[in-house]
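Engineer: Chains as they are written, first to last, in the working numbering: chain A, 1 to 468; chain B, 1 to 468; chain C, 1 to 468.
It should be emphasised that the hints constitute simulated quantities derived from the structure, not laboratory data. Treat the hints with care, since some could be wrong.
[To be verified] Below, computed lysine to any residue pairings styled on SDA-like, alpha-carbon distance capped at 20 angstroms:
id, chain 1, residue 1, chain 2, residue 2
1, A, Lys324, A, Thr74
2, A, Lys463, B, Gly72
3, B, Lys324, A, Pro375
4, A, Lys324, C, Lys274
5, A, Lys269, A, Asp211
6, C, Lys324, B, Val335
7, B, Lys463, B, Val296
8, C, Lys324, B, Asp343
9, B, Lys324, A, Glu348
10, A, Lys324, C, Pro349
11, A, Lys324, C, Asp343
12, C, Lys274, C, His223
13, C, Lys463, C, Leu241
14, C, Lys324, B, Arg336
15, B, Lys239, B, Gly42
16, C, Lys463, C, His451
17, A, Lys239, A, Gly218
18, A, Lys324, C, Val345
19, C, Lys239, C, Ile216
The lines below spell out each chain.
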Amino acid sequence: MTLIDDDRLFDAEPRARGVARALYAGIRDLPLISPHGHTDPGWYARNEPFADPAQLLIVPDHYIFRMLFSQGVTLEELGVARRDGAPVESDGRRIWRRFAEHYYLFRGTPTRLWFDHTLASLFDVTERLTPLNADAIFDRIAERLQDDAYRPRALYERFNLEVISTTDSALDDLRWHQQIRDSGWPGRVIPAYRPDAVVDPDFEGFAANLDRLGEITGCDTGHWAGYLDAHRQRRQFFKRLGATSTDHGHPTADTANLMPKEAGMLFDKVRSGKADAAERALFRAQMLTEMARMSVEDGLVLQLHPGSWRNHSPAMMDRFGRDKGFDIPTRTDYVRALKPMLDAVGIEPALTIVMFTLDESSYSRELAPLAGVYPALRLGPPWWFHDSPEGMRRFRELATETAGFYNTVGFNDDTRAFPSIPARHDVSRRIDCAFLARLVTEHRLDEEEAHEVAHELAYGLAKRAYRL
Amino acid sequence: MTLIDDDRLFDAEPRARGVARALYAGIRDLPLISPHGHTDPGWYARNEPFADPAQLLIVPDHYIFRMLFSQGVTLEELGVARRDGAPVESDGRRIWRRFAEHYYLFRGTPTRLWFDHTLASLFDVTERLTPLNADAIFDRIAERLQDDAYRPRALYERFNLEVISTTDSALDDLRWHQQIRDSGWPGRVIPAYRPDAVVDPDFEGFAANLDRLGEITGCDTGHWAGYLDAHRQRRQFFKRLGATSTDHGHPTADTANLMPKEAGMLFDKVRSGKADAAERALFRAQMLTEMARMSVEDGLVLQLHPGSWRNHSPAMMDRFGRDKGFDIPTRTDYVRALKPMLDAVGIEPALTIVMFTLDESSYSRELAPLAGVYPALRLGPPWWFHDSPEGMRRFRELATETAGFYNTVGFNDDTRAFPSIPARHDVSRRIDCAFLARLVTEHRLDEEEAHEVAHELAYGLAKRAYRL
Amino acid sequence: MTLIDDDRLFDAEPRARGVARALYAGIRDLPLISPHGHTDPGWYARNEPFADPAQLLIVPDHYIFRMLFSQGVTLEELGVARRDGAPVESDGRRIWRRFAEHYYLFRGTPTRLWFDHTLASLFDVTERLTPLNADAIFDRIAERLQDDAYRPRALYERFNLEVISTTDSALDDLRWHQQIRDSGWPGRVIPAYRPDAVVDPDFEGFAANLDRLGEITGCDTGHWAGYLDAHRQRRQFFKRLGATSTDHGHPTADTANLMPKEAGMLFDKVRSGKADAAERALFRAQMLTEMARMSVEDGLVLQLHPGSWRNHSPAMMDRFGRDKGFDIPTRTDYVRALKPMLDAVGIEPALTIVMFTLDESSYSRELAPLAGVYPALRLGPPWWFHDSPEGMRRFRELATETAGFYNTVGFNDDTRAFPSIPARHDVSRRIDCAFLARLVTEHRLDEEEAHEVAHELAYGLAKRAYRL
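So here's chain A without its partners, still in its complex pose (with noise of 0.2 angstroms):
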């Protein structure tokens, strides 16, 4: 396997590689724990082989497709479906080729890092990819994925998955997760409560959306006690099936802590479909006050993932629906704007909220300090765009300083790409061993201290923070 070194993303310096390498040495086969992730229980409950590999590696990647598309090549070219149902590319190879065409536009970046552990860990490529091996590449893979080694049972047991949480919409049945259970396979793949189809009063659907919790919970979800009580039932439900979290996509930090007549009122206004921007934004906010409330009760951590601009181009969205690589970070606020729901649940021992952002300039100016002190508040690791060699270094040498290690949770591989999932945590554990061995050897802490703390941040710290 010459395709990625073993010493891949540690200091040139000898004596700094010597310590990342010791502490990697301790950690590297740990079992992974993957507490927020986008996978589908489908997969783990029907069990049936991947399709090929241009489906189950290019196709469903925004990572991928989006450096394509900056660069010229057509989402239809790349075998992304249409709106409209108009055709698109739908032979793999063909997509498997174009997307070899251009692999080198990944130099630089973690996709790059990515699919070349992928390939060479996974399918025993030692070459990396490029026109003239692409088929071959296509074909050894396609082989594979025939394979029952290749199933996702089997890859969920080769990758050393302890536990692996999906995100699901709070109507969803968690049908694949009772099958799951009742199928007597041992992989703990566990759902997380998504509640913005929901909450959220711009999500499509709103108004029907509610009809439909109320209907399945048998709660009358036309009023605010009744749409809370709904909630709680449906958290119940997910605990049942092995949540221990939720989860909250929200286009800013914002939150509010309005008195419950106040509340009941602006959740009729947002019922009826008359509310208007601001009051959308506000009960938004109001709600994840509520969602914490909850979480005091039920135990189920709270993670906010704030600040995105979705589908910010609406030609792109027209024509090929969300998550197709058009949602941008914006600036986002988190002093002023968690404070209503921190005066009310801040302090509370009993809860974990934990936070993640899009904006680096927050770690040290925001996050940092708001960990540092309420007892609720984690740090997430560095999300999305930031889920980077450069990225978890510069959340490392921004938040550890006033925030430790220990108000932070371990590594999210955050994916949908299942078979990228060990090399994600992979360049978490190395850009963490990296770190410490610096710290190491500019004697800021004890080896010894920092195989504990390796330890801590690729296993013990998500298994403790997600209550695992």
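Given the coordinates of chain A, assemble chains B and C onto it according to the supplied hints.
Structural biologist: Using the frame of chain A, we list chains B and C on its own:
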């Protein structure tokens, strides 16, 4: 002494480390200039032994109790007094043990560096603090604190302090400073003029404070002109006791430059208690410009510490009062905010304004460009959450290329933790030497020049900028 | 030549340095592409000797006089002309001596790197400039400047420039460019279309400028359609003289996309001088989108340089006029600001927009995500205050993982300091090689690939992005 390594904070790369060592050797024994801090002048005046180890090293240190609180230790358990007088832990040994149990939380933080340095250099401790050795270390410190060599004046001398500034209310009678002067002890302890209590309409007891200011000075603080005169008098009083600077802690960096008549009307409204939030903010903004004008007259250096959201948690404020770890940085604008003041006095060669920030994004975008052209502006060292190895490194990397070294002012320890002062200066000196060593090994600076610059950063710049 | 080291700006670590050296050796002799800058086309046309050393190297360089001014040297002492015609220093030797006395202020700044490189490589100076050798160095430079080998065209050839773009007012007759073409000299000096004077209602003499634009083009610039046609004509004129780009320096990155009728009404109001500040800003915003539309038609690359608060000090503006060091960066939004333009033309494959910023917090949060998906967007190199070793390193670290290398456009020297052009390109080439060397030693990129990328960053990307 094995607790702290002689090469700590230097790059691992041998050539860079060698240069850093040589630079550091040239400055390590320079006297400490401490132009801004919060030690108690009564300590030097009374020169009594310090209380037990916990009361000296743990209880007053908000870096320490904020981290412990974030991980579930209550402030009561740490002996922090409650406003309602309810009992809190009073046994220093138990507080010390609790700290030792949680000492691992500080891995990767500056507190760890300062604490180890203090234990090693002041108390000859040779092992990392753990629950197992906590009692023995407590006993050793407690014993030493009874020794005359550990009284405040002896420590001042041992620390090789050349001068230390306290920070004092405009209403303070400075009797401790007078008493130090009268004592014949040659240590140089000087006050700094901090007028928040009589400048900020939101300060507790503002109106009464203005009355008191009038009594002290004999000026009519019921009117704008008399109020300004009272400031002038108090500044002269502070100068007579050695002050060379003023200090201003505002929520923002806003300044204003009203016509005198408008300013007088604003004062009347603020004085009457009828000013709204915008008017109170405008008054603070106007007073920065007034203070700058007085600095042109009397030569006191103006320090501005903006951008902290004080007492972010009302629950903690109610229970424990100010300065309990819940001050959180906010995004801070300088370019627009400082303009009225800079338009008035920014190119005055006689004026020195030292700017601080808690918003690191402003270093390269705003502060270095401003200080790199306005003769009145200088950049203060990394402040508070950024007074740390990575914070200092970022400051040099982000500010030097535009502002140079000579528009910065050396180090401030800015602390009330007296025993940690040498440790704090040592971190700064080492990080600066490491930064300079990088410039030397990358052939961006000659080693001979780096020696000169290291001397300036450790000693000369602070002395000249603060006119000491 | 001992003033500048052959390994300058490379990491000290031997393996990284070795790789950087090898990469640099492969590109150091590539021709310089200078697609954006501010040299005077008259220099190449007239090809007369440059004036004395101070007039060439000190007086016109705002990096130099801003730093000296910040430390108490007046602009008059540096020979900068006053608007009131009052006398300023005119003796080049005295200006040079004053600069030499203060040369230490530039330690750690890019000016120091550029200046030393220029002295060493162009004038064979072997010692750092000091007050002691100032006269001798002045004399040597003065002597050389009389030599034909130091005339503008000879320097262009010596610098190995392949093409250089100037920046020219939309109203310019481009006669120097015509004269260069007519001269038969094979140097490629091309204009760029900078229409601020006829696009920005706040520009001095805006109405008269529009009249002049009408006269030049024969279009009716009293109406919207004629005004747009006049732009089209001028762009064609610039293209005929070699232009491949336009350049736009707006206070913000705001764009707008009004209906034609609304735009016409806005134009009428702006034309009449009755538009308020918001309308004037909206007009600038609208014109960016109009310029982008014209770029789709005529293929000129659109450069946007937003976010500078021009002439921050009114006192200095009054005394010395524009461009005297008092332009200060401001926080700049792109995600919301560019949306109207991107909605209109962002996915046009024929369009290239090169984005610059003075707000480094936008690299990873906004610019790299936008350029990493919109086909029309590319990232310009670090600009102005960030055109420096640390600034370039941050740019690569912050932008590459999301935008890759291939959505960037190589280097711009962006200078009117002609003799420093090789030095500026050299810094960029070295820092890029050092960055690539780190990727290689950390096994994130193969050395062979790094050679390819280094070539692109030094030459290929600029040439293709700017269509040269």
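Engineer: Look at each hint and say if it fits the structure.
Structural biologist: Do the hints match the structure? See the list:
Simply put, Lys324/A and Thr74/A have alpha-carbon atoms about 12 angstroms apart, close enough for the 20 angstroms limit, and the pair holds. Between Lys463/A and Gly72/B the alpha-carbon distance is near 18 angstroms, which keeps this suggested pair within the 20 angstroms criterion. Taking the CA atoms of Lys324/B and Pro375/A, the gap is near 14 angstroms; set against the 20 angstroms cutoff, the hint holds. Restraint check for Lys324/A and Lys274/C: the C-alpha separation of about 44 angstroms exceeds 20 angstroms, so the hint is violated.
A hinted pair counts as satisfied when its Cα atoms are at most 20 angstroms apart, and Lys269/A with Asp211/A qualifies at roughly 15 angstroms. The suggested pairing of Lys324/C with Val335/B holds, with an alpha-carbon distance near 17 angstroms, which does not exceed 20 angstroms. Note on Lys463/B and Val296/B: the hinted pairing holds, with a Cα-Cα distance of about 19 angstroms set against a maximum of 20 angstroms. Restraint check for Lys324/C and Asp343/B: satisfied, since their Cα atoms lie roughly 16 angstroms apart, inside the 20 angstroms limit.
As the CA atoms of Lys324/B and Glu348/A are separated by approximately 17 angstroms, the hinted pair is consistent with the 20 angstroms bound. A threshold of 20 angstroms between alpha carbons decides the hint, and for Lys324/A with Pro349/C the separation of about 18 angstroms falls inside it, so the pair holds. For the hint linking Lys324/A to Asp343/C, the alpha-carbon distance of about 16 angstroms falls within 20 angstroms, and the restraint holds. Taking the CA atoms of Lys274/C and His223/C, the gap is near 15 angstroms; set against the 20 angstroms cutoff, the hint holds.
With a C-alpha separation of about 18 angstroms, the suggested pair Lys463/C and Leu241/C falls inside the 20 angstroms cut-off, and the hint holds. Restraint check for Lys324/C and Arg336/B: the C-alpha separation of about 19 angstroms stays at or below 20 angstroms, so the hint holds. In summary, the hint linking Lys239/B to Gly42/B is supported, as the alpha carbons are separated by about 19 angstroms, within the 20 angstroms threshold. Under the criterion of a C-alpha separation no larger than 20 angstroms, the hint pairing Lys463/C with His451/C is consistent with the structure, at around 17 angstroms.
This hinted pair checks out: Lys239/A and Gly218/A have alpha carbons roughly 18 angstroms apart, not beyond 20 angstroms. As the CA atoms of Lys324/A and Val345/C are separated by approximately 18 angstroms, the hinted pair is consistent with the 20 angstroms bound. With a CA separation close to 16 angstroms, the supplied pair Lys239/C and Ile216/C stays within the 20 angstroms bound.
Checked against the numbered hints listed earlier, the structure breaks hint 4 alone; every other hint is satisfied.
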